[in-house]
Structure formats: C-alpha cells, structure tokens
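Participant: Each chain, letter by letter, is given below.
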Amino acid sequence: AQKVTQAQTEISVVEKEDVTLDCVYETRDTTYYLFWYKQPPSGELVFLIRRNSFDEQNEISGRYSWNFQKSTSSFNFTITASQVVDSAVYFCALSGMIKAAGNKLTFGGGTRVLVKP
Amino acid sequence: SQTIHQWPATLVQPVGSPLSLECTVEGTSNPNLYWYRQAAGRGLQLLFYSVGIGQISSEVPQNLSASRPQDRQFILSSKKLLLSDSGFYLCAWSVRARDTIYFGEGSWLTVV
Chain A
1 AQKVTQAQTE ISVVEKEDVT LDCVYETRDT TYYLFWYKQP PSGELVFLIR RNSFDEQNEI
61 SGRYSWNFQK STSSFNFTIT ASQVVDSAVY FCALSGMIKA AGNKLTFGGG TRVLVKP
Chain B
1 SQTIHQWPAT LVQPVGSPLS LECTVEGTSN PNLYWYRQAA GRGLQLLFYS VGIGQISSEV
61 PQNLSASRPQ DRQFILSSKK LLLSDSGFYL CAWSVRARDT IYFGEGSWLT VV
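Residue numbers (my numbering), protein chains in the order written: chain A, 1 to 117; chain B, 1 to 112.
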C-alpha cells in the first residue's frame, strides 16, 4: 500500500524567511509520480509540480524549489523568501504510474504554512 | 485551455435530505474524473473515479454514490445525508493516460 507522510502539521515563519516542507513516501511501485499541491484559504487545490520517479534532478520555479531523493524516499519543498500570500496548506501526494483503472493520488496529511508580515 | 467547475459552492442540508453535487469539465474529451472529500480541514480521500461514461469505481464504502451521465459531467449524490457526510468535496480531472490531476473549486457541505 502507498503512504505519504508530512510530519510537520504547521509551520509559522516571518515574511522573507525560507521554509522547508518535508514529505516522505512509501510505495512498492518501481515507477511513480510525486506531486505538491497548494490549498489557499479559498479551498481550491492548486497544482504546483509533478516529478517522475526516474528524474531525481532538483527543480526550481521562482521562489519554489523541490528536492527529490529516491534513496531516502523524500520529496521536500522549499519556499525561499516567503511572502504572506504563501500562507496555505501544502499537500504532498503520490501516484502510481499510468494505470488502466485511472490515476489515484495518495495524499499526505498536509502542512499548514503561516507567513506573518 | 481546460477548466473544471463544480456547484454549488456551499450548501447546508438537514440530516436525511438528498444531495446532488455537479461537476463539469470543459476543453478536453474523455477525461478521468474523480470525487475527493476533505474532512476536518485535512486529509483528502478519494471517493469515486470514472474512466468513461457510466463507468464508476468506488474507493470507500459509504452513503454516497456517483454517476457520469455525459463524457464531461460527474455527479455526486446521496439519498439520505448523514452528519458524517459533512466536509469539503472536490471534483477533479486528469487526461487519460497521464497522471496530473487538476481540481475544481470545491463544495462545502454542512449536514445539520
């Protein structure tokens, strides 16, 4: 069975500080996708990134960066120079590679990030 | 570009009343469709998914049902709501054979 663990339930930072969100996953699949989603107070889940298990290169998108380490089954997310608009709940998720029955995401419990001005 | 809409955005329903949440995807054909529920502001749980018209798979036994009467329409229903059905319901879609799932705006359901 697949499992995603986000050990940090809530992180509070002051604006401009960096914040790193941890994500550890378990799967028996040899190929899989990892995701991060952002859920602002409005509730909608916003897709941030998808990472293929074959690709362990770190990725940077603006103030966001992701560190994928297959050896430790981790997919951590860092927000650099945080802003108040980054305040949200962030979810890490895991999906098996293409399956005929559809794609089923397993979500972590989420980490609430509060950025104070 | 593809868009997904679901409605109503919020509703308050008495125990024992019926439920119907609707979701429509535009800009794509034959998508995979999903219903997720988020209870108590946290974990997301997959309720149903569909790979085609009339094809519904249930992930969790419950008081709810889903239907897909048209290619891009997905409906979540209940004949008699329970208090435990309260939560935030999210419709989602993905392109067949690809794994990124995109979510709608969500529907807040409060059963009283």
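Simulated from the structure, these hints should not be mistaken for lab results.
Note that CB positions come from ideal geometry on N, CA and C, so glycine has one too.
You may find that some hints are simply not true.
What the hints assert, rightly or not - Each pair of labels, with its calculated beta carbon distance range:
# : chain 1 : residue 1 : chain 2 : residue 2 : range
1 : A       : 50        : B       : 5         : 14 to 24 Å
2 : B       : 54        : A       : 16        : 34 to 44 Å
3 : A       : 57        : B       : 65        : 35 to 45 Å
To be verified - Only part of the chain A face toward chain B is listed, based on derived beta-carbon distances under 7 Å:
# : residue
4 : 44
5 : 45
6 : 107
As the list claims (entries may be wrong) - Some residues of chain B that are not near chain A, with every Cβ distance over 10 Å (derived):
#  : residue
7  : 1
8  : 14
9  : 18
10 : 29
11 : 69
12 : 73
13 : 79
14 : 84
15 : 86
16 : 90
17 : 100
18 : 110
Participant: State for each hint whether it applies.
Facilitator: Hint check:
{"no.": "1", "hint": "A:50 with B:5: 14 to 24 Å", "verdict": "23 Å, holds"}
{"no.": "2", "hint": "B:54 with A:16: 34 to 44 Å", "verdict": "53 Å, violated"}
{"no.": "3", "hint": "A:57 with B:65: 35 to 45 Å", "verdict": "43 Å, holds"}
{"no.": "4", "hint": "44", "verdict": "5 Å, holds"}
{"no.": "5", "hint": "45", "verdict": "4 Å, holds"}
{"no.": "6", "hint": "107", "verdict": "4 Å, holds"}
{"no.": "7", "hint": "1", "verdict": "13 Å, holds"}
{"no.": "8", "hint": "14", "verdict": "23 Å, holds"}
{"no.": "9", "hint": "18", "verdict": "23 Å, holds"}
{"no.": "10", "hint": "29", "verdict": "16 Å, holds"}
{"no.": "11", "hint": "69", "verdict": "18 Å, holds"}
{"no.": "12", "hint": "73", "verdict": "17 Å, holds"}
{"no.": "13", "hint": "79", "verdict": "25 Å, holds"}
{"no.": "14", "hint": "84", "verdict": "19 Å, holds"}
{"no.": "15", "hint": "86", "verdict": "14 Å, holds"}
{"no.": "16", "hint": "90", "verdict": "6 Å, violated"}
{"no.": "17", "hint": "100", "verdict": "5 Å, violated"}
{"no.": "18", "hint": "110", "verdict": "14 Å, holds"}
The structure fails to meet hints 2, 16 and 17 from the earlier list, while all remaining hints are met.
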